[in-house]
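Chains as they are written, first to last, in the working numbering: chain A, 171 to 448; chain B, 450 to 936; chain C, 11 to 325.
Don't take each hint at face value.
Cut-off 27 Å, straight-line C-alpha distance, at most; resulting in silico cross-link-like pairs (DSS-like, lysine-lysine) [as the list claims (entries may be wrong)]:
1) B:Lys-756 x C:Lys-171
2) A:Lys-275 x C:Lys-40
3) B:Lys-631 x B:Lys-756
4) A:Lys-275 x A:Lys-447
5) B:Lys-631 x B:Lys-863
Treat the hints as calculated values from the structure; they're not laboratory data.
Chain by chain, the residues:
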Amino acid sequence: MLTRKRLRLGNRDLPFQLVLFAFGIVTFFPLVLVVITSFKSNTQFYHNFWLPELPLHLGNYRSAFRIIWRFILNSVIYSGSTICLIAAIASVAGYVFARFRFPFKTVLFLGFITLIMVPGVLTLAPRFVLVRDLGMVNTPFALISVWVSGGLVLSTWLMRSYFESLPQELFDAAYVDGAAEWQVFLYVSVPLARPMIATVAMTTLIGTWNDLIWPLVTITDKSQMPLALGLMQFSSDFETDWGTLFAGYVISSIPLLCVFAVAMRQFISGLTSGSIKA
Amino acid sequence: MFRRLLLVSLCLLIFGALAGYAQDDITIFATVGAYYPDEPTENNPNPPSMMNDIVAEYEAANPGVNIELVDVPSNISGDQWRSTVFNGQNEPHIIVNNYIRVWQEQGNDWYVPLNDYIEAPNPYIPAGTPGHERWADSIPEVVWNTTYHTGSGNQYVVTVNAVAVGFFYNIDLLTEMGNDTKFDLPYSLWADWDTMITEMGAIAEAGVEPLAMSMSTASPYTYNWFDGTSLTSMYIDHIESWWEPGATWHALNQREFACAIQNGLISANDDAFADWIQLLADFEPMWVDGYATMTWDEAYRLFITGKTPFLLGNAASQTLNVTRDADFNWGISYFPPVTETTSAYAANNESAYLVGGFTAGFTMTDRARREGIEDQVIDFFMYMTAQPQWGRIVTESPRSIPTQLGLDVPDALKPTVAFLELPIRALKDPDPRLSRRYGEDHRRLMQEYFTDQIDFDTLIAEEDRLMTREARVVIAENDWSCDFQME
Amino acid sequence: MLRRLATSPPGAKGNSARQSALPIRIWRAKWLYLALLTPVALLLIFEWLPAFSALYNSLYIWNGGKVHFYVGLEHYERMLSDRTFRVAITNLVGFVFFRVIMQTVLPFFAAEMIINLRSQRWSYWWKIIFVFPMVVPTILNYLIWRFIYNPQVGLLNEGLKLVGLGEYTHAWLGDPLTVMWALAFVRFPWLPTLQFLIILGGLQTIPQEVHESAAIDGAGFWRRLFYIDIPMTRRQITLAMILTMLFMTQRFDLFLVMTDGGPGYSSMVPALQLYQSAFHFLEFGYASAIGVVLFVAMLSLTVINLRVSAGAAND
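Work out the full structure: start from the sequences and follow the hints.
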């Protein structure tokens with residue numbers, strides 16, 4: 171209803187819809203190609219990349235699933251723990267930064283935010299030495315600790331922005347009722363911040379799910395490998411099994427799609443809340 | 450409360466320590482390159498799996514030793530993996546390696562010299578087979594001579610693979626285009642370099658791109674192979690004076706080449722060098738459009754789908770793929786020799802020179818020494834590379850020709866054996882010739898020249914600066930003396 | 011204690027006039043510091059420590075192994091005369107400039123269209139549709155774009171032939187004249203999720219009344235765009251630009267996968283040079299120095315950007 175009131179310019183949806191449709195087609199094109207390719211044998215792939223071709227090689231999915239399901243499980247555990255930790259830590263930190271004044275607050279916050287500008291490839295080698303010295307190589311901690319600290323940078327900032335945008339009255343009401351600070355945080359702020367927590371979770375999930383280089387250097391034990399390493403199975407020195415590889419990519423995105431389906435609305439409303447700005 | 454907690458944790462600690470003490474298993478990590486056992490898929494139902502059997506047998510015979518095979522990406526992530534794990538001292542104990550790489554990383558003490566080990570008997574080689582009394586005897590002398598590191602006097606690699614490169618050609622497509630080239634030499638379609646250029650030129654005239662190849666380091670690239678082999682032909686008359694004393698025909702090591710630059714025996718300002726640039730520039734129009742950023746896989750697809758009649762590839766490993774994928778008649782040819790019809794400097798050339806040759810082998814890393822388990826690591830090393838085991842591995846997965854004496858060339862690779870009989874090229878790929886930095890910058894300079902970003906004079910000036918600088922750096926880094934080249 | 015801090019409201023609304031001495035304020039905030047202990051410790055250990063060790067290494071020659079000795083500012087001097095670095099910076103400036111424009115303008119227009127739809131339901135679905143491609147791994151996108159630009163079988167060339175522009179077919183990635191443009195258009199017209207949603211959020215928070223009164227004043231689409239929507243979402247747009255700038259400056263995988271910086275040096279960028287110095291040439295010292303320079307450049311650009319944006323807002 172709001173939108174209808176908003177623009178009294180007659181039926182102007184059609185041109186917009188058409189443009190958006192064109193946009194959407196081109197944006198979705200790579201996805202479609204991935205799915206098409208996942209049904210091909212190598213010969214079909216070599217001869218025709220663009221169009222689907224019969225027979226469909228459903229066996230690609232069978233092979234891919236048989237090999238990568240264990241890696242998917244691993245990834246679910248690693249990414250899941252990372253998300254929980256980030257959501258917890260970033261909510262607290264974001265809340266503290268948003269709602270309190272205390273000495274060195276600006277310095278501390280800058281210590282978070284400037285890390286966005288440190289190129290990851292620069293710190294790869296020193297970070298690896300560190301993780302090895304901590305005895306975490308070939309353990310899930312190597313991945314989770316580094317993913318959590320890396321993800322905290324953006325997440326804390328997102329949470330802080332969101333908490334800052336919440337109206338003061340909400341908190342005042344709780345204080346008047348005699349709630350302790352932790353109660354205000356847990357029972358007032360966190361429920362209100364669910365959209366932004368969903369946002370943090372989604373961005374963390376996407377970031378960790380496909381990370382290749384960090385697991386590559388820290389996890390050599392096959393039983394502990396996350397998904398991105400598992401997908402390497404399908405290419406060797408001299409050839410790549412394209413169909414199975416792409417089928418693997420499709421399968422590996424299914425858990426993402428599930429999360430997406432559940433958290434989509436929250437994710438979008440978190441980022442579009444208008445709280446995030448320079 | 451606290452006391453109880455303390456007690457429990459103490460118990461746990463003691464138990465943990467005991468468990469750790471009781472379990473003194475050794476775990477040996479190893480990379481095995483193309484022989485890594487992949488799991489079967491619909492498209493690839495029979496991937497190599499022999500390595501699993503070898504490992505299982507060894508573990509059964511040696512309780513307390515675990516072997517973990519490590520899969521390393523062959524693509525660009527491999528470089529990152531490599532320097533990060535070495536730098537973080539988490540490298541596998543055994544690594545598949547090209548001797549050239551080992552030379553370049555030699556200053557780091559990343560690898561254990563194998564000099565003493567290869568002098569000892571290899572118990573896993575049956576009596577009567579070369580290598581039983583002295584491990585080194587299992588591999589021909591010429592291989593050791595090629596892989597030997599001059600700077601330190603050490604052998605770091607047991608090289609078990611030999612490969613050849615070549616032009617795969619599509620017979621059907623060539624016939625259709627009216628080209629009836631026959632093998633002129635036992636190994637090549639063309640009598641000399643000029644004939645090749647002429648015939649490929651005719652194909653290009655007819656509107657077909659002749660040669661699929663790659664000049665991008667985004668994947669293994671093939672341009673390098675012309676680079677070294679044709680440069681060898683241009684300096685054929687002089688190369689002997691670059692050798693270290695007492696050497697016979699061999700692939701020059703870094704020191705010999707760096708010193709040749711330092712001593713002015715080769716320079717970008719030479720006329721021979723100019724002829725060489727010209728040779729490559731005349732060849733460049735035959736290369737497929739976009740070669741500068743093309744990957745190995747893309748080039749392969751062009752050939753296999755009949756878009757180009759020629760593919761420059763790894764004749765040893767790719768033969769299997771072409772056999773499986775090509776729906777046309779095909780053959781493999783080698784580079785023709787560069788002769789005086791191409792350049793006066795190549796006048797005394799008798800044949801073409803072999804690219805590739807003895808390439809990959811195994812190295813033992815410093816981790817074995819740090820953990821004090823060299824003996825166990827070398828034991829598995831010997832087991833894996835001994836003829837009975839290696840024979841099974843290459844029979845199952847014929848990706849390269851085994852160098853060990855007493856092993857047959859897999860049938861699939863027989864066509865390339867004639868190439869392997871050629872003399873090895875004296876000047877290797879740009880990277881191993883001098884340094885990786887030289888290799889990359891040289892390749893980029895050549896690309897700039899081919900794509901008309903720089904003119905000939907700039908190319909020569911830049912190349913001169915680059916060669917001089919890198920030679921100086923390499924010599925300084927290794928503390929080499931270059932006196933041996935001055936009579 | 012905390013209550014008091016909280017009820018004297020947080021953020022800027024504080025009453026700085028009666029601030030106590032620093033140690034006392036620190037003591038009062040002890041629970042806050044405790045709450046920040048975990049994230050700060052994590053960042054110190056896993057982020058700042060490696061970052062500082064990179065800064066330290068930029069003063070050394072280090073091959074990632076044994077060779078490690080002090081050379082002072084030599085790497086920074088070398089950068090000044092390094093032809094590759096100069097070319098890389100030039101390429102980067104053009105690339106980032108273009109991407110910043112593209113990744114701000116496209117999301118802005120898409121967002122404008124979406125919020126102007128009369129159908130609420132479509133408006134919601136379009137958001138989902140444009141956010142959805144984030145599940146596709148970046149590396150797959152690069153792979154597909156290699157196919158689009160492929161000179162022999164690529165979609166772009168085939169398309170050109172189809173519409174009778176066959177003479178314009180090209181080795182898009184293999185020609186120094188087109189390679190940077192080709193790279194700049196990779197994933198076009200994809201909307202970067204973060205930037206898109208942030209701008210959309212900005213547009214959504216513009217109050218109804220503003221648009222209504224503008225409509226009553228007879229302001230058309232373009233007038234409204236330039237006099238209301240853009241000024242009122244300035245802070246979101248600035249942020250989207252800064253984020254794009256930061257992400258694109260650090261991007262090296264795109265260049266590595268698509269061109270490896272070639273042909274020649276025509277698509278070399280500093281992040282790729284950093285990567286190659288470290289992992290190909292084992293010059294970790296020089297690589298670190300490049301990283302430090304990149305960091306300083308990004309930091310200053312961000313600060314300048316924020317200043318300019320704030321200044322414009324004050325006018």
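Do the alpha carbons of Lys-275 of chain A and Lys-447 of chain A lie within 27 Å of each other, as the hint requires?
Holds, at about 19 Å.
Lys-275 of chain A and Lys-40 of chain C were given as a pair; does the straight-line alpha-carbon distance stay at or below 27 Å?
Roughly 12 Å separates the two Cα atoms, so the pair holds.
Next pair to validate is Lys-631 of chain B with Lys-756 of chain B; report whether the Cα-Cα distance is within 27 Å.
At roughly 21 Å apart (the allowed maximum being 27 Å), Lys-756 of chain B and Lys-631 of chain B satisfy the hint.
Lys-631 of chain B paired with Lys-863 of chain B [C-alpha distance capped at 27 Å]:
holds (19 Å)
Hinted pair, alpha-carbon criterion (27 Å max): Lys-756 of chain B, Lys-171 of chain C. Please report holds or violated.
It holds: about 17 Å lies between the C-alpha atoms, which stays within 27 Å.
Violated hints: none; the structure is consistent with every hint.
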